[in-house]
Amino acid sequence: MSERKLFAHELEEILDAFLFASPSHRSIERLAEMLEPLPRKQQDFVLRAARGAAKTNTELGYLIATLSINALDRLDENAFHEWVIAGLDAFDKKGLRAAVETLRDLDGFLALRAGRLHASFADVEQRLARFVLGLSGRPLALKSGVYPWTDTETIFLPERLAHFATAEENRRLYQGLAVQLWAQTRYGTFNADLEAAIAGWPEPMEREQALTWLAHLEAVRLEACVARDLPGLGALLCELRGAWPTEMGVALADLQAADADIEDTLRWLAHFMAAGAVPPAPTFVGRLEPGIAARVRGDRIVRDTETLKKAIGALKGVGGKRNAPPNDFKAERNQETGEIEVRVDGEAVKLPDDARAAAQSLLQDLGKVPPEALSPAGDAPWTPDDRPKQGAESLCSGDSAIRYDEWDYHRNAYRRAWCHVFVTDVKPGEGHFVRETKVRYAPFIHQIKRRFEAVRGEDRILGRQPEGEDIDLDALVEAVNDRKSGAEPSARLFCRRVRNERSLAAMFMIDMSGSTKGWVNDAERESLVMLCEALEKLGDAYAIYGFSGWTRKRCDIYRIKGFADAYDDAVRARIDGIEAKDYTRMGVAIRHLSHLLGLQPARHKLLVTLSDGRPDDFGDEYRGNYGIEDTRRALQEAREQGIRSYCITIDRQGADYLKHMMGPASYTVLDDVKKLPLKVADIYRKLTA
Amino acid sequence: MTTAQLRTLTPELETLGAEPYYQPVGDEVALFEAAATKRLPVLLKGPTGCGKTRFVEYMAWKLKRPLVTVACHDDLTTADLVGRYLIVGDETVWLDGPLTAAVRAGAICYLDEIVEARKDTTVVIHPLADSRRALAVDKRGELIPAPPGFMLVISYNPGYQSVLKEIKPSTRQRFVALEFDYPNAEMEAQIVATEGGIDLPMAQKLVKLGELTRNLKGAGIDEGASTRLLVHAAQLIGAGMVPAVAGTAAVARALTDDPDMTQTLDDLVRAVF
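In the order they appear, the protein sequences are chains V and W. The first sequence: position 557 = 557 (my numbering), numbered continuously. The second sequence: position 222 = 222 (my numbering), numbered continuously.
For the record, the hints were derived by calculation from the structure and aren't laboratory data.
Mimicking DSBU-like on lysine-lysine, the simulated pairs with C-alpha atoms at most 30 Å apart in a straight line are:
{"id": "1", "chain 1": "W", "residue 1": "Lys165", "chain 2": "V", "residue 2": "Lys686"}
{"id": "2", "chain 1": "V", "residue 1": "Lys679", "chain 2": "W", "residue 2": "Lys217"}
{"id": "3", "chain 1": "V", "residue 1": "Lys581", "chain 2": "V", "residue 2": "Lys679"}
Covered by chain W, according to a simulated footprint, are these stretches of chain V (three or more residues, beta-carbon under 8 Å):
{"id": "4", "stretch": "125 to 131"}
{"id": "5", "stretch": "220 to 234"}
{"id": "6", "stretch": "474 to 483"}
Here the structure is a predicted model, which means the values were calculated and not measured. Cβ coordinates follow ideal geometry from the N, Cα and C atoms, glycine included.
The shape of chain V in the complex, shown without the other chains (with noise of 0.2 Å):
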């Protein structure tokens, strides 16, 4: 039974119902007239796209009911919707022209659609995030932006790119503008004051034609210096920017010479401005926001003034001898390797891994390192803002039996039965997550249940036995040599195989700190579930406990699978309901676990973490330096019971602190928290072979 389809009439009643607001008000009844000849599906289709983008803005609901017609010729039923979601997407993110444009675009719309065209940022994060943490001195977040800039620690790219016409271009682009980008903070396009070079024309159409010259000279004196450390880079660059335009011709040779810098480009920006030149159209050439970046780079040169200074500090006692003259400082940049070359008093001296870090960057930013850099820092003040804040501790409720010291690196000891730990069992899950994991993931279950199968297999060979498969020719051999000069020969002359018994014990370490809510929270769930079914293959002993808590004197410990507990459906149910909760004060939590941990038979002791950030507290204590040392020191004190440490963390910045705080062997970085399932497995097997 069919409904007949609506009338002229009805139609622009019904449209008059939510377009009255509309400016074009006058021309439903057209609209209505153009809608008549259609099938009433198709009526009621369009009614509904364009009554619901209409409460958005009605003009957009009166053009898509307009142009639906055409569309509906073109596009079936999912792609229309999509189409509509477009416009609307559109309208949300640069207002109502964009909208309109876009749902004029049919013709793009569909290309689009057919993903012929456009590379999206999604699609090449991850990727060119590795990339450029190869091609880095110094690590760089990857995120999206309005248009492609750097402020020297992150690099934004744009949410989508079709410049060209496929994708595959379309991703060398965004590896093109990365590399710029990337050689912006590399090579010392910031190295100059920027604001101040362009001050002289302040007036904002100016300000604009200056800044898209100094992107354009500087693009040119930057992909010569890609070019020559780089040259598969630099070809890359090429290719994509074509011919540089002919305007400036004239200042390419200078820029273009081994020795140009910020300042040769500045003095050509003068140049151009002074003749009154309008700069080509940026295409490929990233943007400057000079006052930015100016900032980001200013608070990391005293935070790396600051490193270097403390390194420093600490070898003041090089000369050994007391009342010494004071020590002379010098740091050079050895022309041959690059590096940098500290020299106390004209000895050579090396310094620890984060100092040496900070001086290159000290180095890369400044072009040297300042003279106030390298003088020692004296005992460090105590500042205010270590101070514990009293207020929120108060809030928390009464003492615990357990306590734990805290390491307090400011003052060089221990905080005694500083922190109170809480010790409950995780709220068992409603839901049945295991079991969903387990028939999502069944495949690599399998795959990892062969592995470590052979892991676990391993057999020893047992000699001089009274019985076995095999000969002990040794054994075999003394017998005979016994026999013939008298002795009496033994009968044990056999070997056996042996399974190999491995005597480890594993504890995990969950992080339920707040900022694993969501995917974080649902991959480290998804891991243990992976985890378990491998580890029940291979029999090691094994407990997961979760952390997190709220100031020094709430600190929570959740018990998902104690060491004497079997991996039954209590403990799928408490896996099922980790969820989300406080902050994250390591210290404590491997303290306490490596109690738990230390209280086991097993020979070998492995602590793994499993992390989406740094040490973290309420108020503004833990979160820093002493969060960082705090943790450093009871992992020491772990390692010192013997006990091995692991963190698998999934904080890209995570490179800056994690080797500081773990030391050189002992993390891995995941890229991307959807792997972690996948990979905790191998990680743990690689940990224990």
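We have chain V already, so just place chain W on it with the hints.
Quick look at chain W alone, frame taken from chain V:
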């Protein structure tokens, strides 16, 4: 027949004829010579492929002593090191193991990747590595004192160890330790050019590639490219391969099996060549 009448077979040891190519980085040569003079055993630590074995060969040549190398693994038994009885025809003979042969001849004995061996095997070297300087051959009831020329050298890679394998303090505290690392860029280029048989600019590009891969350590690969891998790539280029192909085969594919990392390493190879 008493053990004294048993025939003993000992492998023949020779000193190295040609000078092995080795580029000193710091004062390791002087330290090794000092340890040799004072009859101290030496422990070499460092990542794979950074010159430890080549260094030992060089020092053996320099000090004009024979060199015995043993690659350790976890099936290595004490008998494999010290020696065993064999029945040859109707005759029982004793065959010296590499360690015993080195001790008798006053040679340098180099145990490579010592952590791979089981602990009960490793302790055999303890009496050789302290002031006793003697090797106990229990099966013959013999205690062989080491002549002044004998020197014990062991090596391992502290970087990525399994928790179940590490050097015990009772072992490591008997040795003088030398730390090895990849040489700086200029020196590494020199080494790659000489060992690989290519010109210096190409060697510098390979070294640059190595540097980029080392930035990825911990983020997906355990170790960046070692000097040895770069030398392999150089040799392939010398044999006529296109540099990008040589880089991919000798470096990128050798470092990892993970598809994401392989992609990134390929990107880096293309960035350089």
